[in-house]
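Going line by line, the protein sequences match chains A and B. Note that the first sequence covers residues 1 to 122 in the UniProt record's numbering. Note that the second sequence covers residues 1 to 122 in the UniProt record's numbering.
Among these hints, one or two may not hold up.
From the structure, some residues in chain B lie toward chain A, with a derived Cβ separation under 8 Å [as the list claims (entries may be wrong)]:
hint: 1; residue: V58
hint: 2; residue: T109
hint: 3; residue: G113
These aren't lab readings, by the way, just hints derived from the structure by calculation. Glycine included, each C-beta is placed from N, C-alpha and C at the ideal position.
Number of protein chains: 2
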Amino acid sequence: MADYLGIHILLELHECPADRLRLPGDSERILLAAAAAMGATIVESRFHAFSPHGVSGVVVIAESHLTVHTWPEYGYAAVDVFSCGQLDLEAGLAILREGFGAAQTEQQTFRRGRLPVTRGHR
Amino acid sequence: MADYLGIHILLELHECPADRLRLPGDSERILLAAAAAMGATIVESRFHAFSPHGVSGVVVIAESHLTVHTWPEYGYAAVDVFSCGQLDLEAGLAILREGFGAAQTEQQTFRRGRLPVTRGHR
Numbered sequence: 001m002a003d004y005l006g007i008h009i010l011l012e013l014h015e016c017p018a019d020r021l022r023l024p025g026d027s028e029r030i031l032l033a034a035a036a037a038m039g040a041t042i043v044e045s046r047f048h049a050f051s052p053h054g055v056s057g058v059v060v061i062a063e064s065h066l067t068v069h070t071w072p073e074y075g076y077a078a079v080d081v082f083s084c085g086q087l088d089l090e091a092g093l094a095i096l097r098e099g100f101g102a103a104q105t106e107q108q109t110f111r112r113g114r115l116p117v118t119r120g121h122r
Numbered sequence: 001m002a003d004y005l006g007i008h009i010l011l012e013l014h015e016c017p018a019d020r021l022r023l024p025g026d027s028e029r030i031l032l033a034a035a036a037a038m039g040a041t042i043v044e045s046r047f048h049a050f051s052p053h054g055v056s057g058v059v060v061i062a063e064s065h066l067t068v069h070t071w072p073e074y075g076y077a078a079v080d081v082f083s084c085g086q087l088d089l090e091a092g093l094a095i096l097r098e099g100f101g102a103a104q105t106e107q108q109t110f111r112r113g114r115l116p117v118t119r120g121h122r
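The shape of chain A in the complex, shown without the other chains:
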């Protein structure tokens, strides 16, 4: 069986209340709660407001990262969860969906960093 270094989830959060997508502090609180629920080790978080509206934020975790970009005018947030550790991703994803109040979500999961079996990496 192929072995991979990380798992990357692209989470599309649609039909979110615009009020939850406007303030960097709100997005930061949600992503930090998700990281904590996953059992991640938080290294730092950086969140920015953009003009005229919208938030970009990243939480660097020892196991990789979480990011968010919001478009309040479309009720949409693009969230990424990239983990190279043994984390409880489902617990984090539930916090993200609930925190942003998404009425419609899409989720795609990718394995990152396939290790060549022939080289005997363990």
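Once you have looked at the hints, place chain B on chain A.
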């Protein structure tokens, strides 16, 4: 035709020289050069070294973000380029491939934030 808010590229860089993957300053220099080549507006960059080795880094751009996670022991770097602007992504990707010295690359491209046509968003 469906309209989207952003484009997200997952770039797998395999068979990179380990020396290019060890130092946060090297990864930061490459990602900043890629962002500049794309024509992005750089907001901030944050790079960390991990024990025993490996780098995690993010460049926040006004148009979204670039991230990297490296595994020198496997000659592998996972790079993300997320853009919601009109950037020259190919110019940035060329810098990333060349900067990390990847002998083998894989690239997947995703559209993020599909706008419902029926709502007449423009």
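These are the hints, each one checked on the structure:
About 5 Å separates the beta-carbon of B:V58 from the nearest beta-carbon of chain A, less than 8 Å, and the hint is met. Because the smallest distance between the Cβ of B:T109 and any Cβ of chain A comes to about 12 Å, over 8 Å, the interface hint for this residue is violated. About 5 Å separates the beta-carbon of B:G113 from the nearest beta-carbon of chain A, less than 8 Å, and the hint is met.
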